[in-house]
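Q: As a plain string of letters, each chain reads:
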Amino acid sequence: MATISVRTRDGGLHSFDGRIGASLMENIRNAGFDELLAMCGGCLSCATCHVYVEQLPTSASLPVPSIDETELLEGSDYRQERSRLSCQIPFDETLSGIVIGIAPED
Amino acid sequence: MRPDNLTRSFDCVIVGGGHGGSQTAAALRQSGFSGSIALIGAEPDLPYDRPSLSKDYLAGTKTFERMHLRPQDFWGTREVELLLGRHVSAVDPTARIVVTDGGEYFSYGQMVWAAGGDPRKLSCSGSDLAGIFYIRSKADCDALIDVLPNARRIVIIGGGYVGLEAAAVFRKIGKEVTLVEALDRVLARVAGEPISRFYENEHRARGVDLRLNSNVASLEGVNGRVSRVVLEAGEAIAADIVVVGIGIIPSVGPLIAAGAKGANGVDVDEFCRTSVPDIYCIGDCARLENGPGIRIESVQNATDQATTAAKAICGEFKAYDATPWFWSNQYDLKMQTVGLNYGFDSVVTRGDPASRRFSVIYLKNGAVLALDCINSPRDYVQGRKLVDSAARIDPAALADTSRQLNEIDFVTS
Ligand SMILES: Cc1cc2nc3c(=O)[nH]c(=O)nc-3n(C[C@H](O)[C@H](O)[C@H](O)COP(=O)(O)OP(=O)(O)OC[C@H]3O[C@@H](n4cnc5c(N)ncnc54)[C@H](O)[C@@H]3O)c2cc1C
Ligand code: FES
Numbered sequence: 001m002a003t004i005s006v007r008t009r010d011g012g013l014h015s016f017d018g019r020i021g022a023s024l025m026e027n028i029r030n031a032g033f034d035e036l037l038a039m040c041g042g043c044l045s046c047a048t049c050h051v052y053v054e055q056l057p058t059s060a061s062l063p064v065p066s067i068d069e070t071e072l073l074e075g076s077d078y079r080q081e082r083s084r085l086s087c088q089i090p091f092d093e094t095l096s097g098i099v100i101g102i103a104p105e106d
Numbered sequence: 001m002r003p004d005n006l007t008r009s010f011d012c013v014i015v016g017g018g019h020g021g022s023q024t025a026a027a028l029r030q031s032g033f034s035g036s037i038a039l040i041g042a043e044p045d046l047p048y049d050r051p052s053l054s055k056d057y058l059a060g061t062k063t064f065e066r067m068h069l070r071p072q073d074f075w076g077t078r079e080v081e082l083l084l085g086r087h088v089s090a091v092d093p094t095a096r097i098v099v100t101d102g103g104e105y106f107s108y109g110q111m112v113w114a115a116g117g118d119p120r121k122l123s124c125s126g127s128d129l130a131g132i133f134y135i136r137s138k139a140d141c142d143a144l145i146d147v148l149p150n151a152r153r154i155v156i157i158g159g160g161y162v163g164l165e166a167a168a169v170f171r172k173i174g175k176e177v178t179l180v181e182a183l184d185r186v187l188a189r190v191a192g193e194p195i196s197r198f199y200e201n202e203h204r205a206r207g208v209d210l211r212l213n214s215n216v217a218s219l220e221g222v223n224g225r226v227s228r229v230v231l232e233a234g235e236a237i238a239a240d241i242v243v244v245g246i247g248i249i250p251s252v253g254p255l256i257a258a259g260a261k262g263a264n265g266v267d268v269d270e271f272c273r274t275s276v277p278d279i280y281c282i283g284d285c286a287r288l289e290n291g292p293g294i295r296i297e298s299v300q301n302a303t304d305q306a307t308t309a310a311k312a313i314c315g316e317f318k319a320y321d322a323t324p325w326f327w328s329n330q331y332d333l334k335m336q337t338v339g340l341n342y343g344f345d346s347v348v349t350r351g352d353p354a355s356r357r358f359s360v361i362y363l364k365n366g367a368v369l370a371l372d373c374i375n376s377p378r379d380y381v382q383g384r385k386l387v388d389s390a391a392r393i394d395p396a397a398l399a400d401t402s403r404q405l406n407e408i409d410f411v412t413s
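As they're listed, the protein sequences go chains A and B.
To convert, note that position 64 of the first sequence is 64 in UniProt numbering; the numbers rise steadily by one, no gaps.
To convert, note that position 376 of the second sequence is 376 in UniProt numbering; the numbers rise steadily by one, no gaps.
Careful: at least some of the hints might be erroneous.
Unchecked claim - Computed beta-carbon distance windows for the label pairs:
#, chain 1, residue 1, chain 2, residue 2, range
1, A, L62, B, T412, 17 to 25 Å
2, A, G97, B, I145, 37 to 45 Å
3, A, G97, B, K172, 36 to 44 Å
4, B, D92, A, E81, 54 to 62 Å
5, B, D92, A, G97, 53 to 61 Å
6, B, V347, A, E105, 25 to 33 Å
7, B, T94, A, P90, 52 to 60 Å
8, A, I20, B, Q30, 24 to 32 Å
9, A, E81, B, E270, 22 to 30 Å
10, A, E81, B, D269, 38 to 46 Å
11, B, D92, A, S15, 22 to 30 Å
12, B, N290, A, G21, 25 to 33 Å
13, B, Q30, A, G21, 22 to 30 Å
Said to hold, decoys possible - Straight-line C-alpha distance at most 25 Å; calculated SDA-like pairs for lysine to any residue:
#, chain 1, residue 1, chain 2, residue 2
14, B, K334, A, L73
15, B, K385, A, Y78
16, B, K138, A, L73
17, B, K138, A, A31
18, B, K385, A, E74
19, B, K138, A, E74
20, B, K138, A, S83
21, B, K334, A, A31
Honestly, the hints are just simulated from the structure, not real lab data.
No residue lacks a Cβ here, since even glycine has one placed at the ideal position from N, Cα and C.
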């Protein structure tokens, strides 16, 4: 089992089993978090899947953001150091235990 | 057991299970709506991401399951009753009832019409032959995918986004593609000339036989299947299949028949209310009365209008004022648009199209209206601020790529 924990905008923390191979965005969406709009369906066009990676399991690493991802994130008023677009992160076993916060809506 | 055709009552009935309809249901619950909700959709599938149809799904690189906007149990936990595979054919605003093709009656307290549109069909002779495809629904796309392995020569009619995206997919899988466009440039309805010329070059460079200024006179077939597309100029182009992307006709018949004001789309006010009490209309089939006088066909518009309508139903009247945005993927080209360019009177090209990374900025009376950004997400995000403030900027500064768009001084209009 590989778990994902999501902090919603009201501060609540919710954990669930993630699906390996799907993106973090798809996992969060499929778990029923409607705060994450993900309007472009994951094709790196909209930045409405913005999250903060609050905790990364030790020894896990995330793919380096592409230039496009970085540039899209630059447009958010809520960008932080740990900002990522969740559609750009494939979920696998090594990420089990990851804690993700949903960023405020721009 | 209760027979299906007895009237059932819902506090809110949403007609159309696409981007707008599903977001309305989700937004109603997010806004605290506690009444009963029905989402009536003509398609049999769970609400799904439509833009992928002409992109990853057609290319076979995305499964349908990954395109669901929400999973099945989402609707259960939100207590949204999904009534799929049902087409609403009539609305009685006095009795507050919608009627389906199957003869079911559903009464509503509030109604949101989010029925999108049907593809505009060819009308020339031969348009009823087999082998002619449209791309609007999963069913349309599946029918096309079924025949693709046996099709070598594909003629696409229409040089809008859907036709161009399909052309890109077909070239990627090695098909011979001819694209026929009646006007003198592709994307003429939505983009400025530099964008049209850029995409024409890209498609031609990848082997698409692009025919501008070409009207289709008729389609000809063998044994009831299309085999040739005949142009008005006389030429006939051989085709194993024909794919048509010439826009949509908004699905508003029952609503107009029920007395809603509108013609090519239903007219709505800033809260997405129609002229009929307690009936809202959103998405591709809604025309904002106080907007640019057009319907906007985009996921952003459908989603944001859904939220506006849902909030209004919950008593929170917040006028629709979202900045429009849109995207299109073709080959390795990502186009992102922000703003609406309607009525622009000048255009600035920022960067060199030959570098395949540039933006086109649309101005009206010196103020920034919109940007089309090719492989330039930074211009897209920074340009949004210029659009939001209708920035007045020196065009030479806009064109100067040694400065970022957020480094240029401007005056707000
Ligand atoms: C191939 C393709 C590619 C696209 N690419 C992009 C893109 O890259 N970016 C972008 O922003 N937009 C894109 N769009 C446009 C975008 O998909 C639409 O703007 C958006 O789906 C509109 O949402 P909607 O809810 O108004 O309509 P839809 O999503 O079309 O939903 C309407 C639903 O209502 C149903 N319906 C219709 N009539 C009835 C009835 N009488 N009773 C019951 N149900 C009914 C329909 O079957 C449909 O399921 C694309 C569209 C297509 C077709
Ligand atoms: S879903 Fe649009 S960028 Fe991630």
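Q: Now look at each hint and say whether the structure bears it out.
A: So, going through the hints one by one against the coordinates:
As the Cβ distance of L62(A) to T412(B) is approximately 39 Å, the hint placing it in 17 to 25 Å is violated. At about 39 Å, the CB distance of G97(A) to I145(B) agrees with the hint of 37 to 45 Å. The supplied range of 36 to 44 Å is met by G97(A) and K172(B), whose beta-carbon atoms lie about 38 Å from each other. Between D92(B) and E81(A) the CB atoms are about 57 Å apart, so this pair conforms to the stated range of 54 to 62 Å.
In this structure, D92(B) and G97(A) meet the distance hint of 53 to 61 Å, their C-beta atoms being roughly 55 Å apart. Distance hint for V347(B) and E105(A): a CB-CB separation of about 32 Å, consistent with the stated range 25 to 33 Å. The beta-carbon spacing between T94(B) and P90(A), approximately 54 Å, falls within the hinted interval of 52 to 60 Å. With their beta carbons about 29 Å apart, I20(A) and Q30(B) fall inside the hinted range of 24 to 32 Å.
Separated by about 38 Å at the C-beta atoms, E81(A) and E270(B) break the suggested range of 22 to 30 Å. The hint said 38 to 46 Å for the Cβ distance between E81(A) and D269(B), and at roughly 43 Å that hint holds. In this structure, D92(B) and S15(A) break the distance hint of 22 to 30 Å, their C-beta atoms being roughly 48 Å apart. At roughly 46 Å, the beta-carbon separation of N290(B) and G21(A) lies outside the given 25 to 33 Å, and the hint is violated.
Taken as a hint, the range 22 to 30 Å holds for the pair Q30(B) and G21(A), whose Cβ atoms sit roughly 29 Å apart. A threshold of 25 Å between alpha carbons decides the hint, and for K334(B) with L73(A) the separation of about 16 Å falls inside it, so the pair holds. This hinted pair checks out: K385(B) and Y78(A) have alpha carbons roughly 15 Å apart, not beyond 25 Å. This hinted pair does not check out: K138(B) and L73(A) have alpha carbons roughly 32 Å apart, beyond 25 Å.
Straight-line distance between C-alpha atoms of K138(B) and A31(A) comes to about 24 Å, which keeps the hinted pair within the 25 Å bound. Restraint check for K385(B) and E74(A): the C-alpha separation of about 12 Å stays at or below 25 Å, so the hint holds. A hinted pair counts as satisfied when its Cα atoms are at most 25 Å apart, and K138(B) with E74(A) does not qualify at roughly 35 Å. Of the pairs offered as hints, the one joining K138(B) and S83(A) is violated, with about 34 Å between alpha carbons and a cut-off of 25 Å exceeded.
A distance of roughly 29 Å separates the Cα atoms of K334(B) and A31(A); the hinted pair therefore is violated under the 25 Å criterion.
Violated hints for the displayed structure, listed by number in ascending order: 1, 9, 11, 12, 16, 19, 20, 21.
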